[in-house]
Amino acid sequence: MPEVWRRCTCASPADAPARRRLRCPGAVTDAAGAGPLLPLPRAPTAPARRAAAAAAAQVVLKVEMACSGCSGAVERVLKKMEGVESFDVSLEQQRVVVRGAALTPEAVLATVAKTGKKAELVA
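Residue numbers (the working numbering): 1 to 123.
Honestly, the hints are just simulated from the structure, not real lab data. Treat the hints with care, as some may be off.
Stated by the list, open to error - List time: in silico DSSO-like cross-link candidates among lysine-lysine, alpha-carbon distance up to 27 Å:
id : residue 1 : residue 2
1  : 80        : 114
2  : 117       : 79
3  : 62        : 117
4  : 80        : 117
5  : 114       : 62
6  : 118       : 62
7  : 79        : 114
8  : 62        : 80
9  : 118       : 79
10 : 80        : 118
As the list claims (entries may be wrong) - Between beta-carbon pairs, the in silico distance windows are:
id : residue 1 : residue 2 : range
11 : 47        : 76        : 30 to 38 Å
12 : 106       : 86        : 14 to 22 Å
13 : 47        : 67        : 15 to 23 Å
14 : 47        : 77        : 31 to 39 Å
15 : 110       : 47        : 30 to 38 Å
16 : 85        : 121       : 15 to 23 Å
17 : 102       : 67        : 13 to 21 Å
Ideal placement from N, C-alpha and C gives every residue a C-beta, glycine not left out.
Kindly produce the complete structure, drawing on both the sequences and the hints.
What follows is the structure, encoded as structure tokens:
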């Protein structure tokens, strides 16, 4: 795949003599010799974004919940927890799945345990 290039904007046209002496690190000159060109960062493709989302930490807990009030208490503490991107609370399966970039299983377990529900780490 060919790289996309953009002209360096770190020096103004008035600084052209300085730009010839002090080029941007790793820059190359275009065919016309007009100045340094730098690689333009590409936006991640859809598969790359999905892979990054999948790489986010996922913590699965088994939590003893008897009613919708119990599951609501777990949802409330997870909404307040920093770093949580999404979560699923299943009263029927007695399972909580928490997703986030900077989550540790111990922190999630401690947060859910604050509700007074018995919780254990599954994955």
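Hints, verified against the model:
For the hint linking residue 80 to residue 114, the alpha-carbon distance of about 12 Å falls within 27 Å, and the restraint holds. Of the pairs offered as hints, the one joining residue 117 and residue 79 holds, with about 17 Å between alpha carbons and a cut-off of 27 Å not exceeded. Restraint check for residue 62 and residue 117: satisfied, since their Cα atoms lie roughly 10 Å apart, inside the 27 Å limit. A threshold of 27 Å between alpha carbons decides the hint, and for residue 80 with residue 117 the separation of about 17 Å falls inside it, so the pair holds.
Of the pairs offered as hints, the one joining residue 114 and residue 62 holds, with about 15 Å between alpha carbons and a cut-off of 27 Å not exceeded. Restraint check for residue 118 and residue 62: satisfied, since their Cα atoms lie roughly 8 Å apart, inside the 27 Å limit. Restraint check for residue 79 and residue 114: satisfied, since their Cα atoms lie roughly 13 Å apart, inside the 27 Å limit. At roughly 20 Å between alpha-carbon atoms, residue 62 and residue 80 fall within 27 Å of each other, so this suggested pair holds.
For a cut-off of 27 Å, the pair hint linking residue 118 to residue 79 stands: about 19 Å separates their Cα positions. Using a Cα cut-off of 27 Å, the hinted pair residue 80 and residue 118 holds, with the two alpha carbons roughly 19 Å apart. A C-beta distance of roughly 35 Å is found between residue 47 and residue 76, which places it inside the suggested range of 30 to 38 Å. Restraint check, residue 106 to residue 86: a C-beta distance of roughly 20 Å satisfies the suggested window 14 to 22 Å.
One distance hint, 15 to 23 Å for the beta-carbon pair residue 47 and residue 67, is violated here, with the actual separation near 41 Å. Distance hint for residue 47 and residue 77: a CB-CB separation of about 34 Å, consistent with the stated range 31 to 39 Å. A hinted range of 30 to 38 Å holds for the C-beta pair residue 110 and residue 47, which are about 35 Å apart. A hinted range of 15 to 23 Å for the beta carbons of residue 85 and residue 121 is consistent with their spacing of about 19 Å.
Under the hint 13 to 21 Å, the C-beta atoms of residue 102 and residue 67, about 32 Å apart, miss the expected range.
Going down the numbered hints, you'll see the structure goes against 13 and 17, while the others check out.
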